[in-house]
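For the record, the sequence lines run as chains D and C. Note that our numbering numbers the first sequence so that position 20 is 20, with each residue one more than the last. Converting from the second sequence to our numbering requires adding 1000 to each position, the first position being numbered 1.
Keep in mind that the hints were calculated from the coordinates and are not lab data. Don't take each hint at face value.
Stretches of chain C that chain D covers, calculated by requiring three or more beta carbons in the stretch to come under 8 Å of a beta carbon on chain D [unchecked claim]: (1) 1054 to 1065; (2) 1074 to 1088; (3) 1129 to 1137.
Note that CB positions come from ideal geometry on N, CA and C, so glycine has one too.
Protein chains: 2
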Amino acid sequence: MRLFDYNRAPNPRRVRIFIAEKGLKIPLVKVDLMRMQQLSPEFRQINPGATLPVLETDDGSYISESLAICHYLEDLHPEPNLLGSSRAEKAQVIMWNNIAEQGMDAAAEVLRNISPGFRGHALPGPAPIEQIPALVERGQTRVNQFFDRIEQQLKNNAYLAGENYSFADITLMATTEFADWVETHAYKTRPALQRWYTEVTARPAANA
Amino acid sequence: MRLFDYNRAPNPRRVRIFIAEKGLKIPLVKVDLMRMQQLSPEFRQINPGATLPVLETDDGSYISESLAICHYLEDLHPEPNLLGSSRAEKAQVIMWNNIAEQGMDAAAEVLRNISPGFRGHALPGPAPIEQIPALVERGQTRVNQFFDRIEQQLKNNAYLAGENYSFADITLMATTEFADWVETHAYKTRPALQRWYTEVTARPAANA
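The shape of chain D in the complex, shown without the other chains:
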């Protein structure tokens, strides 16, 4: 297996943390997003959507979309469990992971519409998409609403999906860091998020 990766991007990061939590070692293949290598004909053979990460499996097939990669790895290596154990817990993990991804989308809306580096690439993917300045403010509003909802959940639960650390926490960790690229620092004004963030970033796998 190999993981097509770029170290600074939030989606590859959450899959690397997942892999580290499992205690796995999977070779990384760097696809340099700063040099737009994801748009090369070679990489678009691997993933026509031109996104990272992508897992190449031992039978030579390719899996894109972080959640799909993590399901595949959880199925191969069930312990430590990161996608929920009981039926009810599994549903909560997938639900909260989805919600955490919406926060990542909101932060991306700010970054991709404000940063000169994303001119003409305001959405991931192979086709040119121009920046829309009005999306910067909309994205900031969404980011703040997102963290307000998360704060309510973390006030009443040790982890995002309930009692146990899961992939939903990994996605939220990547989202929280990514939102800091646009100066959100959501935990500074949200004590439950701060308590959670201090704990999850102290895990060894958070360095992945």
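Starting from the known structure of chain D, fit chain C onto it as the hints suggest.
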């Protein structure tokens, strides 16, 4: 169990089709999106995100996010299998379901920024979000790019995730219909999509 539902919305629709394919009968509770009932304090106790569908389970907990609901139901009623059987197939189903959801997001971008009914509600959720006219054209571009990618996949595969009908097809069916609300009619110019669409809409569950 009960499903909080609205008959015209695309996400409740794909969960209803999933339930029908399983041969299950789950009582529906109508939340009238046209009357903004999802924003009522009662419903926001059930789902703070103010989205549909939501599954109330027999132990009285609530699951939002369509994928989480379908995982829960697949776990309770594994046959007929709709989320993949082998490890490789499961990963492809989740991957293509995610991609199909991106098409739904693109169609929503057009509809919610062009239709007077969505003024002040250009994104789902409890907080006001104003329409941005430039998103209409961006959304249309994304919708067309999405269906071009789908056409390539369906040229080489009977179903979206490979050889077997799955939840990814259900999401794509709901996305294809939803895109027709903004006059996409993607299948008219894409023969593989047309072949697939004719087949999947002929299934009895497509009436759900």
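Here's how the hints hold up against the structure:
no.: 1; hint: 1054 to 1065; verdict: holds (count 6)
no.: 2; hint: 1074 to 1088; verdict: holds (count 4)
no.: 3; hint: 1129 to 1137; verdict: holds (count 5)
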